[in-house]
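> Since each chain comes alone in its own frame, lean on the hints to assemble the complex.
Take a look at the letters that make up each chain.
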Amino acid sequence: MELILLPLIFSVLAFVIPAAYTRLFGLVATGLTLLVSLFHLLGFHATHPEQLDLGLKIGTFQLDGLSILMLLLTNAIVFLILLANYARSISGEKLFTAMTLLMQFGLVGVFTTNDLIGFYIFWELTLIPIFFILYWYGNFDNKRSLMQFFLYTLFGSLAMLVSVVAIFLLTKESNWEALVSADLSSIGSASIWLMGGFLLAFAVKIPLFPFHTWQAETYTKAPVAGTMLLSALMLKMALFGMLKWMIPLFDGMALDFWRWPVVVLGCIGIVYGALIALKQNDLKTLFAYASLSHLGLIAAALMIGSTFIYSSVMLQVVNHSIVALGLFLAAGIIEQRLGHRNLDQLGGIAKVAPRFGFWFAVLTFVGLSVPFTAGFIGEFVLIKSLFDVHNLTGVIAASTLVLGAVYMLRAYQNSMFGPSTVTSFQDLHWNELLVFAILGIAAIYFGLSPKCILDFVSPTFDHMQQLMNSSANAAL
Amino acid sequence: MANDLILLLLLSLPLIGFSINGLLGKQLPKIVVGTLATASVFGAFLCALVLFNNNHGTHLVTLFPVLDVAGMQLNASFQLDSLSIWMTLIITGIGSLIHLFSMGYMSHDEGYYKFFTYLNLFVFSMLLLVLGSNYFVLFFGWEGVGMCSYLLIGFHYNDAQKGIANSLAARKAFVMNRIGDVGLLFALFMLLGHFGTLEYTKIAAQLGNNATGSVAITAITLCLFLAATGKSAQIPLFTWLPDAMAGPTPVSALIHAATMVTAGIYLTVRSNFLFQLAPTTNEIILWIGIATTLVAAFMAMRQNDIKKVLAYSTVSQLGLMFVALGLGAYTVALFHVTTHAFFKALLFLGSGSVIHGMHEEQDIRKMGGLSKLMPITHLTFLIGTLAIAGFPFLSGFYSKDEILAHAFQHGMLVYSLLMIAVTMTAIYMFRLYFLTFHGKFRSTDEAKAHVHESGLSMTLPLMVLAVLSIFGGALNLPGIFLHKSAHWFDHYLTYGTKGLSLVKAEHLSATNSIALMCAASAIALGVLAWAYQTYVKKGNTAHSDETLQGWEKLSNAKLYWDEAYARLFVEPTSKVAGFIGTVLDVQILRNGVYALADSLLSSASLTKKWQNGYVGSYLFWMVIGMIAFISYYILKFALWN
Numbered sequence: 004m005e006l007i008l009l010p011l012i013f014s015v016l017a018f019v020i021p022a023a024y025t026r027l028f029g030l031v032a033t034g035l036t037l038l039v040s041l042f043h044l045l046g047f048h049a050t051h052p053e054q055l056d057l058g059l060k061i062g063t064f065q066l067d068g069l070s071i072l073m074l075l076l077t078n079a080i081v082f083l084i085l086l087a088n089y090a091r092s093i094s095g096e097k098l099f100t101a102m103t104l105l106m107q108f109g110l111v112g113v114f115t116t117n118d119l120i121g122f123y124i125f126w127e128l129t130l131i132p133i134f135f136i137l138y139w140y141g142n143f144d145n146k147r148s149l150m151q152f153f154l155y156t157l158f159g160s161l162a163m164l165v166s167v168v169a170i171f172l173l174t175k176e177s178n179w180e181a182l183v184s185a186d187l188s189s190i191g192s193a194s195i196w197l198m199g200g201f202l203l204a205f206a207v208k209i210p211l212f213p214f215h216t217w218q219a220e221t222y223t224k225a226p227v228a229g230t231m232l233l234s235a236l237m238l239k240m241a242l243f244g245m246l247k248w249m250i251p252l253f254d255g256m257a258l259d260f261w262r263w264p265v266v267v268l269g270c271i272g273i274v275y276g277a278l279i280a281l282k283q284n285d286l287k288t289l290f291a292y293a294s295l296s297h298l299g300l301i302a303a304a305l306m307i308g309s310t311f312i313y314s315s316v317m318l319q320v321v322n323h324s325i326v327a328l329g330l331f332l333a334a335g336i337i338e339q340r341l342g343h344r345n346l347d348q349l350g351g352i353a354k355v356a357p358r359f360g361f362w363f364a365v366l367t368f369v370g371l372s373v374p375f376t377a378g379f380i381g382e383f384v385l386i387k388s389l390f391d392v393h394n395l396t397g398v399i400a401a402s403t404l405v406l407g408a409v410y411m412l413r414a415y416q417n418s419m420f421g422p423s424t425v426t427s428f429q430d431l432h433w434n435e436l437l438v439f440a441i442l443g444i445a446a447i448y449f450g451l452s453p454k455c456i457l458d459f460v461s462p463t464f465d466h467m468q469q470l471m472n473s474s475a476n477a478a479l
Numbered sequence: 081m082a083n084d085l086i087l088l089l090l091l092s093l094p095l096i097g098f099s100i101n102g103l104l105g106k107q108l109p110k111i112v113v114g115t116l117a118t119a120s121v122f123g124a125f126l127c128a129l130v131l132f133n134n135n136h137g138t139h140l141v142t143l144f145p146v147l148d149v150a151g152m153q154l155n156a157s158f159q160l161d162s163l164s165i166w167m168t169l170i171i172t173g174i175g176s177l178i179h180l181f182s183m184g185y186m187s188h189d190e191g192y193y194k195f196f197t198y199l200n201l202f203v204f205s206m207l208l209l210v211l212g213s214n215y216f217v218l219f220f221g222w223e224g225v226g227m228c229s230y231l232l233i234g235f236h237y238n239d240a241q242k243g244i245a246n247s248l249a250a251r252k253a254f255v256m257n258r259i260g261d262v263g264l265l266f267a268l269f270m271l272l273g274h275f276g277t278l279e280y281t282k283i284a285a286q287l288g289n290n291a292t293g294s295v296a297i298t299a300i301t302l303c304l305f306l307a308a309t310g311k312s313a314q315i316p317l318f319t320w321l322p323d324a325m326a327g328p329t330p331v332s333a334l335i336h337a338a339t340m341v342t343a344g345i346y347l348t349v350r351s352n353f354l355f356q357l358a359p360t361t362n363e364i365i366l367w368i369g370i371a372t373t374l375v376a377a378f379m380a381m382r383q384n385d386i387k388k389v390l391a392y393s394t395v396s397q398l399g400l401m402f403v404a405l406g407l408g409a410y411t412v413a414l415f416h417v418t419t420h421a422f423f424k425a426l427l428f429l430g431s432g433s434v435i436h437g438m439h440e441e442q443d444i445r446k447m448g449g450l451s452k453l454m455p456i457t458h459l460t461f462l463i464g465t466l467a468i469a470g471f472p473f474l475s476g477f478y479s480k481d482e483i484l485a486h487a488f489q490h491g492m493l494v495y496s497l498l499m500i501a502v503t504m505t506a507i508y509m510f511r512l513y514f515l516t517f518h519g520k521f522r523s524t525d526e527a528k529a530h531v532h533e534s535g536l537s538m539t540l541p542l543m544v545l546a547v548l549s550i551f552g553g554a555l556n557l558p559g560i561f562l563h564k565s566a567h568w569f570d571h572y573l574t575y576g577t578k579g580l581s582l583v584k585a586e587h588l589s590a591t592n593s594i595a596l597m598c599a600a601s602a603i604a605l606g607v608l609a610w611a612y613q614t615y616v617k618k619g620n621t622a623h624s625d626e627t628l629q630g631w632e633k634l635s636n637a638k639l640y641w642d643e644a645y646a647r648l649f650v651e652p653t654s655k656v657a658g659f660i661g662t663v664l665d666v667q668i669l670r671n672g673v674y675a676l677a678d679s680l681l682s683s684a685s686l687t688k689k690w691q692n693g694y695v696g697s698y699l700f701w702m703v704i705g706m707i708a709f710i711s712y713y714i715l716k717f718a719l720w721n
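Chain order of the listed sequences is A and B. For any residue, its number in our numbering is found by taking its place in the first sequence, counting from 1, and adding 3. For any residue, its number in our numbering is found by taking its place in the second sequence, counting from 1, and adding 80.
Next up, chain B with everything else stripped away, as it sits in the complex (with noise of 0.2 Å):
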């Protein structure tokens, strides 16, 4: 009873923030409306530690039926388990962090209440999306934050200069979702008729009639990872979050990194009482994660705009999660979630300070030793380069050698795989690290002396991230660390959950572990020391597009994917769309008409009439003529028959 309250308080905080923002933000001073949010996100982060506190098992809390009819019964209801919780704390967590940086980076802007109505909105929209305890909850959560991502990637779109590409980017991140949004609502239709139910623990308490990889299943994991390619930005779905960044940096750490494209990974852990029994959507998964961990590290190696380097870094590491659902290994991948959820977070933060030093500056070639102007951004920005390389010992190292670990056990050539993908990362990550951060300044010496660090609000989430990008790898150690609170997580997420049976990490043997941790810190090390000599050293810096041959113009232009989609999708539907908008509905359908009715008018003789505009009014009485002839005589008919 008392968690129902609390969970009611928690879903309703952001909600009270919106509607206040939304109606009177307007009117209230600018700290009013920042506090106002920040503290409702962060309400909500006391409830769910409240909800974490006290989990035990799945708890289900129905507030009222929403449709009640034979076969559709939905409900507005909400569980509570061991996932959901975690996921809160999650999006709730980061989410007071990033609404605290807001309040600093957003300080000059216009629209101040606006963003902060539109971030609670969000953080409502998804809190719906991970507390639900049905598919029909969550795809409200599901459409709501794709409409917030919208409303906030195109925040800007009165800018002068990149007005028209900032609305246009919000509308590509739209349409592309609700492609995915359509295998939502299939996957939603078949398990009513399968199922008819859409809880989740109804439909895995039926599972057991269900042969593995029968068609019924394969076709609803497909549908659903189809919605997840869109939100979580897989191929083919992904070539909307690079374009995502024109939203506030904000917007990009929280949404676009933190917590909504990690939808789709809670979408498949949620649903893997159905994934496991779908070997072929598994395959499907794994090699599709793996396409887009290669894909986006390559597009990353190339890229100048900070935001699209992390950007693309998002969607490689999303699809390493990926890879991770496909080999079955549900934990590991929400693991990696939380480390990601750090430290992206982290980057794109220190991202949002550097911008926000440089006065709206994003090209890394125009910046360079920035080291000693923004000391704090600099240092946390460090750490979570760091984390995100796998450098031993911290939070990412721990939640990538778990995913290498399963790929190592899955085969060789997933590994290695795996392993390009890893060294990428590294690279792209120092090579911005160093261009950002040291060598010389590049750009004019009036911008250096307007660069200055960022105040408090800002750099005190920079901290607390850096911290957790530091220690959460404590999570889920491994076991020849520590014996007996070693994979921790594994234990909390898979502790007394129905309709949830996470598969347990496989357990290497300890040489087999400790080879792959030395491998992996190698190639850290490695490339550290490399990109170092190479941009510091020597002093490289990167090249103006045009220069660029070979692979690095492939890297720079994205591999050319967005033209190929113009070409292949676009311009064809837009050409048939003209086609029949032009000739087949005015020139076929409606000209025949016209044809039709002439020929008719004139064996009427009514041409001249027609032309000298009498014929409306002719028209006119011909019609009342005839109405009150027939019903003169229906009249006549019905009263006196």
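Chain A with its partners taken away, still in its complex shape (with noise of 0.2 Å):
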């Protein structure tokens, strides 16, 4: 129970501790919550869920393989941004901490939850702290941008609201398992406006083309910590909604319907996402455009599952946290030392920053899945299953493979790479070194034994399809 409610008491906390101690203090509590989680760890079984019950009809949580995974990724996360943003004036801030451990406890709860409507009411917590955090910090000049990021979100979450709604008065069921074994086909065609009403919530915060309008102006006029919680951590919730909730809860009807117009729309953000990238001048919105591209296609495989096809998907979910956070690690760093991103003016920063320069050809290539780092099996996995399923599909998620090459290398090339046109850039500070290493490390260990993810998240989704088929062969 302490690994759900610690980030919400640190969250409470953080407002009485004295200003001066803010920053440490978030370090800790994060540090903290991460290690009492890497703690829990060593008595877990995948195979074996264990149930948290707080003794509420809504309140029950489950640990199993897939959401102990979400949970330490996010308590990973979220340590690896305070850590990263040590140094900037924005950690001392008690209101930031306090909305970013709040937002802890959101995803938390998102990924543990083992209730539908707890989980509705734990997304839309997790709002809260980062519409404080954009609002406070962002750089916003009008406010259009962030009322876009939010209209689109309320809609999302609005149509999400509708089915949950809806699927409770059908069924009186909240319990995940009790709804997966639940056969929902029966109720015919209103099935797939239900996992519509989901489909749309999800698209939006992955976000999916062409509901994707709010992300780059978002993105790039975040500050780097709530851009680095948006893609790193908050999209995440919508892929861990569709593995967790919608696929289980509409296998049948509603997803023979509903997979090939999102296989469709991520193949056209794979390849909408990587051509925008490759014209763009500002470091953060390429690599917004780069994360749309590289979301597009674990949607899209997504659509496609086997219980292989999910691991793999949760593998290129913990790859693309690194990715996303390291990427804008290295953004931020820039525009904090020099005061702006613009690809064109920058140059040469390699050599008067060799660490910096080593770190980020590291995290580039990570993004680039070159062999031995995380991404390379994912990537390799989730395009076969595209190209398995129809061989264009298949040749347009492989277009990632050139395209992001090209915008990936010039971003690196044209902000290190050259003659140089700056003559002090401040290296790497401790804690920024210890962000870049720590990422690199992971991702060259998963990249290595990708096995140690995939094999902690099958028995999840064996058991899930074992829920699935009894529940249609129930139908049947």
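What the hints contain is simulated information worked out from the structure, not anything from laboratory work.
Straight line, CA to CA, 20 Å or less: simulated EDC-like cross-link-like pairs of lysine to aspartate or glutamate:
| no. | chain 1 | residue 1 | chain 2 | residue 2 |
| --- | --- | --- | --- | --- |
| 1 | B | K446 | B | E626 |
| 2 | B | K110 | B | E190 |
| 3 | B | K388 | B | E643 |
| 4 | B | K106 | A | D430 |
| 5 | B | K242 | B | D443 |
| 6 | A | K354 | B | D239 |
Put into structure tokens, the structure is as follows:
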């Protein structure tokens, strides 16, 4: 239980702690949470999910392979975000720290709850802290783009709310196992609409083309820490929601109906995002569109689905968090030192800041999914799944290999290589170096043994598949 | 069992060198870094020799499964057979010579330890590529060498003048290779779908059921060949290799001449059981090979950068190897891979010695008369030139002769086209040799005073490679010279191999063989005499680029191939990307959403607050209220239902 409540307690404490210690407090609090969750991992067996009961009807939580992986990812990433921003003024802000911890609480709730209504509540809860972080610390010159993000998310959430309430009224159930075992396809074409509600919320959050228009502006104008939270964690909620809730609940008619639309939108997103990234001048905008491209691949493959593809999706989820955190950190470092992120005015940083040059390069190659990094196997499996379902979708998905190489190397080379235009560039601080090193080592570790993630989550998906099969059999 | 351990040692040696130099290289003295890197590759070479000695047919070593699911079992496993051991010998043998050379060549470079770190990583990746027992391990190595190639081409990214050009060349190489990689990826998918495995021996064992020329096999082989055109610089993906000369010269010798660029040939030979069932693909390979060898030889004729000439020459020679593959002469192609590794590594290292001695000058118009100033470099470079030009009884003579003999048997058209390419090869190589080493020194006197012969760490590899370039032909002597030990290499490669049914060389009648050899020799000697007349006796030198006319201009401008690609692919993509990014995404989609939001909000009469910025907080409280409201009802419903 402490796994779930710790961030909330710390979040409240953050208001009380004297302002001078806020920075340290954030780091210690998230570090402690991370340690507790790592410690918990020792006694955990993926085949035996743990039930946590608060005694309330909607308060059931469950730790299975999938949720504990997301929990660990969340705790690790939040810690790394605070560490990465340690030297910046933002991490000294009480409100920022409190909001980040509140966000962590919401995320942990989303990933561990075993109750559909609980899922919705935690899902909405995460919106509040991110809104504050963007509103107070963002660089939104007019509030329109912030509004856009907010309205988009709100509409998506409302659509999901309708579906959640409808499912609850129909089945009188909100527990995950009960819902998965129940057969929703018996309600006929209405299940298509219900799934559409979930899908809209997820499509906005991921985001999926054409629901992405909030992304580039929000990512660009958010403070670095906010962009990290959004890309490395918040959008993972949507992928998680698809895997844990949407697919097992709507397996059958509704899933068959929506499969191709999502695959097609995902494939469009892959090429669309990559093409736009080719021409971007602002590093953060460039990485935002790159994210659109990468996430398109994950979402499309996820809809094709098999337990093995789901496990590979989780591998890619971890990989994307590593890449997103690393690349946005790099962009943030450049902006902090030079006051801008424009590729056409950058160059030669690697010479004056060799450590930064090295680690940025490592993260760039991780982003390119070269062998021995976490993305290699994941991308291989995902593109193969798209290729197997149709050769054309495979070809479209594979274009990311070529276009990705162009925009990633352009981003890296234009900023780091060439004759020096900057004379002084403070090389990495200890905290930044530590973050990069942890990310780089994690990427290589998961690249060398992808099995450790795949084997960790696959029992959960096997179990899920069994429940789905039994509900399908019951329908027959 | 002993072989398993030696294999592991062989693989781990370069990895150890990479790790130590990568982690500690900055603190270690240069001599330690260089010696460690060289010794690790040389140690691997010794291991390869032991394996070569113990070779008794195909031997599989499985380490651990990388992925283990139904329909996709991917193992980290290795295959020892004649082919993989031979490639290993070339990689580690030539590799250790080039490492040794680099110790001298890079001695003044501040990135010394980084250079050797990358070089060792490259050797490791290349060993994965050739030693893997399945396409998956090969793919690992394939991508790995591409990454190392990128790092090493752009090694001098900080250079004040050439920094940007270097890093652009590196990026071009990486991107064009990635296009080929997509082909390999699809071949892997189709192989998995078709055979359920990626193991060479298992696929070969299943092939009995597949009819020759089936669509699936043709598609697979075409995808494999696409991958080969990327890595081995064939039309249409060859334009990165000349640019890759931006890398330090040892890199050009090791990666872009002797080893990595032959990966495409290795891939085809390794998959020969598939290619033999795909006559259409073979026909395409044959003609792509012919076109590449001709086009590249033509482009080499009027290049003035010493390394560019050698780069186009490499493309052209690789084309020749693909001709052999297209004709089904797999052992012949590998024979040429071997001799080419000797003499092209020699020529590149020789050019490196020249560049080093001339203090980074690469333009042959500013050289001349170096034979007296750099005697060892001169003599070894001459041997390399004679070998590649097909001078009788040197290594290149034999390997080229076998390709020509196969072409001759295929038909006069192919044979004549190859003879044109062979003639052009002799022309540009002797032009290069004479302009560099003979005639008058064409740069300043001050520059002349600084020209010096290179040190022993550089000249020793040159001498070893020169010896190999002279006698390398003895590996596979034709039947008319010796009866007993003839065609040793053909026999070696086809010995005891499973999943590798290499076609044996066809044998011409003795009269025809001798006639072909005489024709080839006549060309080499004739061009030598002509070039001597033109460049030494008459003292012709290369002209500046602007004064060139007609075919010379075309050759110098590389047939405007890069410009055509820019016009056909790069610019349209860039335009489409620009349109999508600015018009479609921002003006239509994003502003469309704005307009929608505006109309919604104005109907809620929030327009004023929207503009004065309070709307953010307003909206926030709105949402809080909404969530509280909804939560209340849900909780009530859920808890007391």
